[in-house]
Amino acid sequence: MVKTDIAQEPIGPEHEPETEWMELNMGPHHPSTHGVLRVRLKLDGEIVRDADADIGYLHTGFEKSFEDKTYTQGITFSDRMDYLAPPINNVGFVSAVEKLIGVEVPPRAQAIRVIMMELARVASHELWLGTTGLDLGVYSGFFYAWRDRDLALDLNEAYSGVRMMTSFTRVGGVAWDLPDGWLDQLQRFIDVMPGRLDDFESMLTDNPIWHQRLEGVGVISAAEAIDAGVTGPVLRASGVNYDVRKAFPYCGYENYDFEVPVGTNGDCYDRYRMRVAEMRQSLRILQQAVDNLPSGPWITGDRKVALPPRSELSKSMEAVIHQFRLVSEGFKGPVGDVYAFVESPRGELGFYLVSDGTNKPYRMKVRPPSFCNLQALKKLVQGVLVADVIAIMGSLDFILGDCDR
Amino acid sequence: MNRWSSALPDDALVQRIGDRFGAGLQESSDFRGDLSVVLEPGALVEVARYLKSEEGFDYLLYATAVDWPAREPRFTVVWEVRSLANKTRIRIKTTAGMPDPHVPSLTSVWPAADWHERETWDLFGITFDGHPDLRRILMPQSWEGFPLRKDYVSFGEPVIFSDQKLEGLEPDAIRG
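Line by line, the protein sequences are chains Y and A. If you read the first sequence in the numbering used here, its first letter stands for residue 1, the second for the next number, and so on. If you read the second sequence in the numbering used here, its first letter stands for residue 1001, the second for the next number, and so on.
No wet-lab data here; the hints were simulated from the structure. All values derive from a computational prediction rather than experimental measurement. Do not take every clue at face value.
Stated by the list, open to error - Simulated pairs of lysine-lysine, DSSO-like, Cα-Cα distance not exceeding 27 angstroms:
1. Y:Lys64 to Y:Lys332
2. A:Lys1087 to Y:Lys246
3. A:Lys1087 to Y:Lys360
4. Y:Lys315 to Y:Lys64
5. A:Lys1087 to A:Lys1052
6. A:Lys1087 to Y:Lys69
7. Y:Lys378 to A:Lys1052
8. Y:Lys378 to Y:Lys360
9. A:Lys1150 to Y:Lys246
10. Y:Lys332 to Y:Lys69
11. Y:Lys360 to Y:Lys64
12. Y:Lys332 to A:Lys1052
13. Y:Lys64 to A:Lys1150
14. Y:Lys304 to Y:Lys332
15. Y:Lys360 to Y:Lys332
16. Y:Lys69 to Y:Lys315
17. A:Lys1150 to Y:Lys379
Said to hold, decoys possible - Residues from chain A that keep clear of chain Y, each with C-beta distances beyond 10 angstroms, as calculated:
18. Gly1018
19. Asp1019
20. Gly1024
21. Leu1134
Stated by the list, open to error - Selected chain Y positions facing chain A (Cβ under 8 angstroms, derived; list incomplete):
22. Gly56
23. Phe62
24. Lys99
25. Arg213
26. Glu215
27. Ala228
28. Val240
29. Asp337
30. Tyr339
31. Thr358
32. Lys360
33. Val386
34. Asp404
All C-beta atoms in this analysis are idealised placements derived from N, C-alpha and C, irrespective of residue type, glycine included.
All chains, full assembly: derive it from the sequences and hints.
Below is the structure:
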């Protein structure tokens, strides 16, 4: 391969006195940066010698804001970070709080969470397929991907009233039960999606141009991937079988039968395969969740953390007191620090919560998967062509809202 | 409660660290199945190297800090690492005091700590000795102050109004 030969030549202006490296700014408004990212590339002709990602354009200080809001209020911040998979952020945030205060989540709530999270995973990967294809010249794919992603957003809307910022979790469960007819709509989604994925794959998976653009580009080995701290499909494409849903099951994932796709080459093409395969697995999980949806309450009966049902308010003084306490000041957590984590479409999303015993987080550190994956960009792009930088950035699937918080 | 417990390393690990590094290990705790060790800053890099090479903690999850203005030393600096093979996790903590908080960098042990430590420097003003490229990452390079410190007020950004630029003139005088 031409690229590797060039990469191994002695590099730098000192070896070629007639030349100097050019510095090129990619972004912050480049369409392939999916958000606002600036990358300073050092170029030796068409070859990238070094890259420095300049992030922070979408930094909004969520971690500081969490410190001013009660645990329940914080839920609405969590889905504004990774705006392409809000339900997963919601679940990640409340699982940290649940772990801190030790609340049991009823089985039906866990199943609803799993359904919403897997829908979000499909929606996020669909969007990734569309936009990455767009970056690499597959313009028609974008429209198909958007059409299919909209089906998942319609389900979000029918459940929570909002297409993106669902904020559907509460500490100890979920905010609402599933509305009538929702499961039928979900079943139609589960039935229609495999065919649509087949269509998509027939367009891309064996497409020679798609192969040429992605195969052997942006290779990272398993050991390098672990060292660089990458996570999610990027880590698995390199052959590391690590998925939080399997390794540390939460929300009852241990009861679902699904596989974790693992790649071998660690290149952009494997990352593409991982995501398509993950969508099919998500559909499997969704089908099982629909078939075995438990009945019962969708939020814990612990009145210290969950609001009493509205019907009790006119009958019980105690319910009124609980309602007033929870709405006016929330609930308190014990002193301590916990780390809870979930598998987002981009990898391990973690919340490190420090509590000083009040009703607000003393410190809430988010471990965003996009941040960790983007860190590897510098390593991945050294020695590749400028056009491949676009493919590599696409394959990392970072969301700047998630990265910058 | 015990869906998290597979993440719990055995107590023997703390024992081994204690035996090997003696006073380097100041404290250990186990809260909700999360194991934490508080290390003396001088022993930090050695313990980290031991954890990586002999205990298999190969994957760095994050690094951050917590500001406790009333405590002395004021900052707790936190790294959390995982062993992908053993499915265990350990949180490494150390402390840093004012006026010039600094701790050793762990980038030489876990290269992935690079951006996480930069972020901690950016938002808390804690210097990581030995970090290869310690500069702001989320805030603009020209930013003053460290936003995640407790004495940094939310929405406290100073705003200069156009009339305040004209020194010596009262705002009323400009409006006429």
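Next pair to validate is Y:Lys315 with Y:Lys64; report whether the Cα-Cα distance is within 27 angstroms. violated (40 angstroms)
Satisfaction of the Y:Val240 interface hint, Cβ to chain A closer than 8 angstroms: holds (7 angstroms)
With 8 angstroms as the cut and Cβ atoms as the points, is Y:Arg213 at the interface with chain A? Cβ of Y:Arg213 sits 28 angstroms from chain A, so the hint is violated.
Hey, does the Y:Tyr339 contact hint survive, CB to chain A under 8 angstroms? holds (6 angstroms)
Let me know if the C-beta of Y:Gly56 comes in closer than 8 angstroms to any C-beta of chain A, holds or violated. holds (4 angstroms)
Check the hint pairing Y:Lys360 with Y:Lys332 against an upper bound of 27 angstroms on the C-alpha distance. holds (7 angstroms)
Y:Lys64 paired with Y:Lys332 [C-alpha distance capped at 27 angstroms]: holds (19 angstroms)
Quick check on Y:Glu215 please, does its C-beta sit within 8 angstroms of some C-beta on chain A? At about 26 angstroms, which exceeds the 8 angstroms cut-off, the nearest Cβ of chain A leaves the hint on Y:Glu215 violated.
Non-interface claim for A:Leu1134, where every Cβ of chain Y lies beyond 10 angstroms: holds (14 angstroms)
Closest C-beta approach of Y:Val386 to chain A relative to 8 angstroms, hint status: It is violated, given that the least Cβ distance between Y:Val386 and chain A is near 23 angstroms, above 8 angstroms.
Run the distance test for Y:Lys69 versus Y:Lys315: straight-line Cα separation, threshold 27 angstroms. violated (31 angstroms)
Regarding the pair A:Lys1087 and Y:Lys246, is the alpha-carbon distance no greater than 27 angstroms? Roughly 11 angstroms separates the two Cα atoms, so the pair holds.
Checked against the numbered hints given earlier, this structure breaks hints 3, 4, 6, 8, 9, 12, 16, 17, 23, 25, 26, 31, 32 and 33; the rest are met.
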